[in-house]
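Participant: So you can see what is in the structure, the chains are spelled out below.
Protein chains: 2
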Amino acid sequence: MATQLYPEYPPDLNEAEQTYLLSNLKDWSIAHGLAVRPTASYVSAETDPSGALATTAPVTLFPSLFPRVCFEQAKSVAQAYNELYSAIASDEEWLKQTVEELVDIDDFIAELWKVHLAVKQEGYVQPLNLGLFRSDYMVHTDPTNPQSGPCVKQVEFNTIASSFGGLSSHVFGLHKHLLAIDAYPETVASINDKSLPESKSVPGLALGMAKAHEAYGPSTGGLPTCVIFLVQDPERNVFDQRHVEYELNKTHGVRTFRLPFGRVLEDTKVDSDRKLIYTPPHAPSKQFEVTLVYFRAGYSPDEYHSQRDWDGRLQIERSAAIKCPSVLTQLAGTKKAQQVLATPHSPHLKRFLPDDAQAAEVLKTFAPIYPMDESEAGKEARKLALDPETAMRYVLKPQREGGGNNVYRRAIPGFLKDTPETHWPAHILMEMIEPPAQDNVIFRNGELQKGGVICELGIYGACLWRDEGGQSGREVLENFEAGYLLRTKGSGSEEGGVAAGFGSVDSACLVDV
Amino acid sequence: MATQLYPEYPPDLNEAEQTYLLSNLKDWSIAHGLAVRPTASYVSAETDPSGALATTAPVTLFPSLFPRVCFEQAKSVAQAYNELYSAIASDEEWLKQTVEELVDIDDFIAELWKVHLAVKQEGYVQPLNLGLFRSDYMVHTDPTNPQSGPCVKQVEFNTIASSFGGLSSHVFGLHKHLLAIDAYPETVASINDKSLPESKSVPGLALGMAKAHEAYGPSTGGLPTCVIFLVQDPERNVFDQRHVEYELNKTHGVRTFRLPFGRVLEDTKVDSDRKLIYTPPHAPSKQFEVTLVYFRAGYSPDEYHSQRDWDGRLQIERSAAIKCPSVLTQLAGTKKAQQVLATPHSPHLKRFLPDDAQAAEVLKTFAPIYPMDESEAGKEARKLALDPETAMRYVLKPQREGGGNNVYRRAIPGFLKDTPETHWPAHILMEMIEPPAQDNVIFRNGELQKGGVICELGIYGACLWRDEGGQSGREVLENFEAGYLLRTKGSGSEEGGVAAGFGSVDSACLVDV
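Chains as they are written, first to last, in numbering that gives the first Met the number 0: chain A, 0 to 512; chain B, 0 to 512.
Bound-form chain A, shown alone:
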């Protein structure tokens, strides 16, 4: 189904060329922290009980091709998306409607909503919100109308734990270095200084956090302040997070701590003014006032093992610390919200983006999404999904966050037949984005895989806003684009190619198509 949009790419390397490229890639990546902790299948716990080993993060050997016009299009709507999602997160009434349709089928959403209601009853004490968003796109070429040219269509919008911003700046640096040392054969004219856009995700995300930290202000009680990175433990992708943390330390002088999600109740408390107070386990006599809690955990139901974890989430939410994100901001990022906005002829976008021109640009990036409920649009969707012929153009996605469990094309009708109809509304039906075909080589866990790949472009956005309740109570203080990520995985479109879902970080090589 994939269309041919790009020139022949990447070049075939002979053995000496590949050795040169790969040895430089392996050294540069480790020298610059473009790294992950190895998987247990790569390095066993017995080999490395202290967890001191690291390896090159999964990366592409070549920057993948991406149409310049599409890259610019995605960047141009970053601020509009910040505006849109900060408005949604501030519109409790609207969120309530979308959430209510999910509470019976998605316990996780229901529990998150309960956290919000509990804090609402007590009264929120922190009107400031930070969003470090990532809007993910694929290039779409309409096979029925190739003259229309490529555009980007949104895959999803992440409002919590948008990852890989720390590594993205470095994979750009890697590809730029490989270009500078002539590791790319000269015949590949596509790769040159003008075709490789810099990803400023590390400084961009750190700046967003620094702005929130600054807006919080000093501790009224005279305590030192800090930013908390709320993390999973263990975390293989730790360097991704560390690069942003070190930038925050170094460039902005902000003190940071990593707090495992399961230790919130042990290591923090909420004082009588609802300030969030952090006590480091290694320095129990010290206290820090937390200005910002940056979530790199707590986004998946799997992480909530017991009521204690929900109590921890509530403790953060009811505190005066700025949350990145708040529960409402997390809920604004459900696929259900995306679907409601992207349902054809939906009136909702206008509610949040009164500027018609801005709304029109955002609308262009939507792929049609249908609910699977009893509404008119839902009925239409069920018909499309159950018919094997039309189902071929769609993907069925669960509403829940966290990725995975998507059902594609021909598998949809059978899946629905095996699923009780009451559970259908837990999914959305989305028109497949048809990305152009291209190949690349991925280096992961010390192994090379070459073949067809699919690229997702993520544009980071940073948004700091004040929400005092009601339409007039919302004020956007900071709104900027914060770098990009290209994530590339095997398309699984051929035998012996890159395994489907075999993901890697990448950078863009812009082409005029």
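Keep in mind the hints are simulated off the structure, nothing from the lab. Predicted model, so just to flag it, every value in this text is computed and none were measured. Be a bit skeptical, because a hint or two may be false.
The list treats identical chains as one, so a pair stands whether inside a single copy or across any two.
Listed next, the in silico PhoX-like pairs over lysine-lysine satisfying Cα-Cα at most 25 angstroms (straight line) [said to hold, decoys possible]:
| # | residue 1 | residue 2 |
| --- | --- | --- |
| 1 | Lys249 | Lys193 |
| 2 | Lys349 | Lys74 |
| 3 | Lys199 | Lys249 |
| 4 | Lys285 | Lys175 |
| 5 | Lys268 | Lys119 |
| 6 | Lys363 | Lys349 |
Assemble the complex: chain A is given as a structure, and chain B must be docked to it using the hints.
Facilitator: Leaving out everything else, chain B in the frame of chain A:
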């Protein structure tokens, strides 16, 4: 034998403090390339056939204590040492004398001298020389005269492949970071911003190479130019070298290639003007004119497997590329030369350092060294070495480069009895430097070891000089100190402590003693 000079150090950490320090150390080091490839005993070749894994370089948890006055003393003589060794390397007549005493007992020295003679016969075509030296010291406190205060005494002077400059800048960065995040308990007042001197070894060494590259000038034949890093293959300490290389690329715009020592004849040739021409194996149609060959290989006899390796060395030596170092500069760094200079009442220092004040400062850093030959000083040395009582204050070292095989104190008389007397002159006898006792904790191969340690301070020096032959033909073009290294190893002075020779990179915490 070690004296007590320092306060109680380092602090004992409880489990939570150690966890905090170590997790931050492990992450920061990999994020910043303070890394090595793991040993085969840590990670087997089957686990990682492509060599993509890395681990934290062996480091100390705390910056080791070092007397400020000693640190300043060592830095203050860096330029004088550059002057001294560039003068020795330019004095073929003097070198000939010292080498001639070794040729019968040290094949390696003999072969190096042959390389020089061959090029001399043909005529040298490159008068420029680059030295990237490292003078290594230990703190010495005279146990018989403690009032005299500590001073530094030279352990050895390295004129080839002075390593760890790439990592040293980063271990300073690590300790500085650990201080900034309060990983060192506040009671350790010694560790503060003023007590941690920055090591500028990465920019310093790269600047030295850039100056040589620049002095070589553009290719007369219009070829692109490059600097060659002549390396061992495989090389576990590759990131140490890469950091200097990347600095040279990025800050000075100099093109670089890594050339394994065994591939010199395959990948280079000397043209009719004696230019050294490099052809990268991955781009056989290209040619680069080599401005500088930086040796990180070829310093040990083990690396010369056959005549072919000597032919490669000769090929570089007779070329117009600047050598870092030339054969004569390498020979200037023999322990024999060090011994001749440091033999009590030696007239040699004055020959090379006519400035009396400068010579006096250098002289202060010498520990007495005796030859083991038939000279008057040699006879005195043999008496000292054979008497078990006096031998206790000495170390017997082989003249050859590369370290190892030292014989200490009580073991000396027995060793000499088992060694044919004709081989005794292959060694020098050196008065033991008596460094003050201190403890530290070393993290290496994922394991912690705590105990008594010995620190060696290395001061890097960069020197570019022109040698047109004769005293008047020498002109020093660049002469600067280029950062420092602290290398710390177990003293082996107690049971269960840090294993002797268990080395690590470290940074200095200066104390006023």
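Participant: Next step is simple, just say for each hint if it's right about the structure.
Facilitator: Hints, one by one, checked against the model:
{"no.": "1", "hint": "Lys249 / Lys193", "in the structure": "between (30 angstroms within a copy, 18 angstroms between copies)"}
{"no.": "2", "hint": "Lys349 / Lys74", "in the structure": "within (21 angstroms within a copy, 69 angstroms between copies)"}
{"no.": "3", "hint": "Lys199 / Lys249", "in the structure": "both (16 angstroms within a copy, 18 angstroms between copies)"}
{"no.": "4", "hint": "Lys285 / Lys175", "in the structure": "between (44 angstroms within a copy, 21 angstroms between copies)"}
{"no.": "5", "hint": "Lys268 / Lys119", "in the structure": "within (19 angstroms within a copy, 78 angstroms between copies)"}
{"no.": "6", "hint": "Lys363 / Lys349", "in the structure": "within (14 angstroms within a copy, 82 angstroms between copies)"}
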